[in-house]
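Residue numbers (my numbering), protein chains in the order written: chain E, 1 to 319; chain H, 320 to 592.
Careful, some of the hints might be misleading.
Unchecked claim - Taking CB as the label site, the calculated pair distances span:
#, chain 1, residue 1, chain 2, residue 2, range
1, E, Arg234, H, Arg479, 36 to 44 Å
2, H, Leu344, E, Pro310, 50 to 58 Å
3, H, Leu323, E, Gln277, 43 to 51 Å
4, H, Leu323, E, Leu66, 50 to 58 Å
Claimed, not checked - Simulated coverage check for chain E against chain H, where a stretch passes if three residues somewhere in it have a Cβ under 8 Å from a Cβ of chain H:
#, stretch
5, 130–144
6, 148–160
7, 242–255
8, 290–302
Derived by calculation from the structure, the hints in this document are not laboratory data.
Yeah, the Cβ is synthetic: ideal placement off N, Cα and C, and Gly gets one too.
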Amino acid sequence: MTAYFLGRAGRGVIALFVVSVVAFLLLHATPGDPITTMLGPDATPQMADEIRHRLGLDLPLYRQYLAWIGQALRGDLGISIRTGQPVVRLVVGRLPTTVVLAVLATVVSILIGVVLGIVAAANRGRLWDQAATVVAVLGISLPNFFVGILLMILFSVLLRWLPISGPPVDFLRAPGESLRTLLMPTLALGAAYAALVARMTRSSLVDVLSADYIRTAHAKGLGPLTVLVHHALRNAFIPVLTSIAINFAYLLGGTIIIEEIFALPGVGRLLLQGVEQRDYPVIQGIVLLMSVSFVCVNMLADGLFALIDPRIRLVKAKE
Amino acid sequence: MRRLFASPTVTAAFAVMIGLCAVALLAPLLSPRNPLVMDFRAQLSPPSRTFLLGADSFGRDVLSRLVYGARISLGISLASVLSAVVIGVPLGCVAGYIGGLTDEVLMNVADGLLSLPPLIIAVALVGILGPNVQNVVFALTVVYAPRFARLSRATVLSLRDQDFVQAVRALGAGDGRILVRHLVPNAVAPLLVLTTVTFGQALTAESGLSFLGLGAQPPTPTWGSMLSESWKFIQQAPWLPIFPGVTIMLAVLSLNVLGDGVRDAIDPKLRGR
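Given these sequences and hints, build the entire structure.
Set out below in structure tokens:
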């Protein structure tokens with residue numbers, strides 16, 4: 001068991017290292033010289049050299065990386081060129097919106113997806129199953145930004161139930177009002193993941209329902225509902241939970257376009273602003289922080305499921 | 320092949336994709352009007368006989384822009400997927416065949432890249448390198464190549480020590496010949512499934528990037544940029560975003576159905592799962 005957790009943590013650390021190298025190299029991928037761009041056309045080459053020296057940009061690449069990662073580990077991701085604020089503070093300020101959005105979308109995807117998946121698996125091969133499968137494939141194929149726009153056309157333009165986009169409301173101060181503004185973005189994000197969860201639930205449940213112990217349960221004379229809920233769902237849920245955790249990790253980094261459409265002040269819009277204003281430290285900081293949380297969510301999920309399901313840790317440790 | 324087209328849904332999906340590719344190739348012949356010419360009297364006009372799908376906010380013909388947009392949108396996503404295959408598959412095969420340190424290093428890099436959130440890394444890369452077609456292809460290749468490397472490595476690894484490989488080696492075949500003639504062909508089927516599905520994801524990603532203004536630059540039409548130009552006018556012309564949106568959905572849907580179809584045809588055990 002310890003072997004499994006150590007191995008998983010080791011792979012996580014290596015992934016974090018690769019991720020940090022990519023984020024570091026991003027800055028060096030800029031076309032032209034950032035210092036010259038920063039200083040403008042009036043700067044002399046001597047001035048540029050001096051600044052380069054002061055910022056350590058004349059050192060070999062690996063020493064620059066070490067210095068940068070050292071600072072990052074101490075929670076310093078540099079200063080935004082445009083606003084003069086620390087990057088960490090900017091990102092942390094935007095994090096609640098993105099996290100609330102991702103959590104709500106995950107809840108929506110579970111509610112819709114699990115129900116759809118169970119209905120499909122319980123009626124395998126019949127009309128309900130086919131309908132659920134069609135809905136799931138449609139959901140997977142619809143880009144979330146198009147779903148967002150469709151919802152906007154329906155609820156804001158045709159029905160006039162919801163504002164197209166209002167000023168963001170603090171969730172803690174006015175939860176009701178805040179949920180109203182988050183309703184459409186949540187549905188738009190949740191739809192695709194609901195489809196994924198539905199697929200996973202269905203295929204996992206279909207697998208379990210054909211197992212011998214389910215036949216035994218039926219033979220004992222238990223009702224179909226009892227068998228489904230007490231015997232099948234428990235085992236079928238483990239892969240579903242895994243996919244939900246992975247979805248959540250993807251959602252954290254996948255809200256950019258929805259935040260843009262619905263004017264929500266999350267990390268995604270900060271990234272877009274950074275891109276627009278060529279604010280490189282902000283871009284770099286977001287890539288690093290979001291990748292680190294992506295890796296960590298996946299690691300936590302794997303650890304959690306190894307605890308729930310002994311099969312995982314035994315098989316993986318043997319490999 | 321016959322198994323693949325046994326299902327009417329899969330056949331329809333295949334037909335839709337062939338149709339869309341034909342539209343992209345034959346755009347100059349098929350488009351009813353010039354996609355760049357603006358007619359300010361026609362701004363946001365609904366579908367009519369002159370403008371079959373209406374006109375956009377600059378009075379440009381929506382149908383013609385969709386037709387020309389197919390070139391950029393399908394072209395960029397196909398180019399990204401193909402370059403991801405061309406880079407990922409050889410690296411994965413070699414890593415799986417040689418094993419040892421090469422394998423260890425390559426797969427750790429692949430895992431690292433796989434643990435970057437795809438959309439964030441694509442936006443950051445294109446944002447820093449500059450928004451144009453080449454950089455979108457580059458960013459999407461970085462995002463998608465690792466999964467092809469992983470899949471081909473897994474296939475090669477599972478076959479490397481099997482009897483038929485031993486037999487070929489005993490007959491005097493070299494490593495290169497074994498890899499190319501005997502191992503890679505066995506990976507074609509699963510790779511085909513992954514390529515089809517990834518094509519659909521690349522199309523969604525390309526549309527997303529150009530929706531954010533990070534793809535081909537205006538006035539070049541792409542499906543994503545048409546969507547982003549039109550949704551700002553949903554109060555006046557709520558039908559306008561439907562056309563590019565449905566087109567994207569139709570293409571991605573066909574690719575997903577095709578991917579499922581290919582998988583079922585290869586492995587009938589999985590059917591209905």
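Ascending list of hint numbers which this structure does not respect = The structure breaks none of the hints.
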